[in-house]
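Let the sequences and hints guide you as you build the complete structure.
Chains as they are written, first to last, in our numbering: chain A, 1 to 165; chain Y, 1 to 75.
Since the hints were made in silico from the structure, they are not lab data.
By construction, the Cβ of each residue, glycine as well, lies at the ideal position given by its N, Cα and C atoms.
Careful: at least some of the hints might be erroneous.
Here are some of the chain Y residues that sit facing chain A, going by a computed Cβ distance under 7 Å [said to hold, decoys possible]:
| no. | residue |
| --- | --- |
| 1 | PRO7 |
| 2 | LEU10 |
| 3 | GLU16 |
| 4 | PHE17 |
| 5 | LYS28 |
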Amino acid sequence: MSSNDPIQIENLFNTYHQQIYQFTYRYTQDEALSYDIVQDTFIKFQKYADDFDPTKSHIRTFLFRIAYQLTITKLKRQNKFKKLLPFLYEQHQEEPVSLEEKLTIRTALQQLKHEHRSVIIFSYYHDLSQKEIADILQIPIGTVKSRLHTSLRQLKHLLEVDDNE
Amino acid sequence: MNKHDIPDELHQKLDEFEIEVPEIPLKKSLSQRIANWLYAPAKNPVDYFSKQWTPLKIALFPIIILFLSIPFLFI
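Encoded structure:
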């Protein structure tokens with residue numbers, strides 16, 4: 001794939017930018033950060049488009065992998081800043097959360113560990129197969145399966161969903 | 001995981017997380033990024049100082065800042 005074809009990049013952007021924003025937003029719940037990650041994903045894609053092999057993976061998987069890696073890097077950087085300058089960041093965890101709010105999917109997803117959150121978002125909201133998720137996260141399929149199982153169990157627990165339906 | 005394996009109630013809860021995607025241009029604008037950063041919600045620093053800082057820490061703060069800025073004199 002040519003990384004310098006602006007029309008192709010624009011087509012890809014039009015096709016996938018919403019999915020990337022939705023993933024990033026559900027993962028971080030940060031609008032400004034998700035906005036930046038969408039743009040950065042396509043900038044990085046232009047840089048590394050030659051590494052994409054269509055025989056090995058789908059373009060969507062490749063773009064999601066870039067977006068996921070950017071998200072992790074940016075969150076790590078943000079956490080470092082939070083430690084250095086804590087007074088500049090809102091500290092949500094100190095605020096008491098009502099029971100009603102506790103039972104929302106937004107709060108429950110934020111309570112999951114990062115690795116569990118990503119698999120459930122990719123699997124449920126983006127209909128990605130376990131193999132595709134494994135490709136994006138660069139982990140074995142077995143790990144994806146176990147993380148999915150754990151995240152579902154934890155979500156049921158956090159949202160007080162009855163298991164015997 | 002198959003979506004059919006998920007209980008209906010959890011299905012409903014997961015579907016409640018809908019997202020409106022804003023207009024995002026392909027090209028990155030520096031002014032937009034600065035605006036995003038400036039308008040990002042921030043905690044009032046006064047709250048932090050009033051809760052976490054003792055009078056001694058507040059008194060020492062300017063001294064520490066002065067001390068840390070010494071290397072800049074030699075740049």
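Status of each hint after checking the structure:
| no. | hint | verdict |
| --- | --- | --- |
| 1 | PRO7 | holds, 4 Å |
| 2 | LEU10 | holds, 5 Å |
| 3 | GLU16 | holds, 5 Å |
| 4 | PHE17 | holds, 5 Å |
| 5 | LYS28 | holds, 5 Å |
Against the hints set out earlier in the document, no violation occurs for any number.
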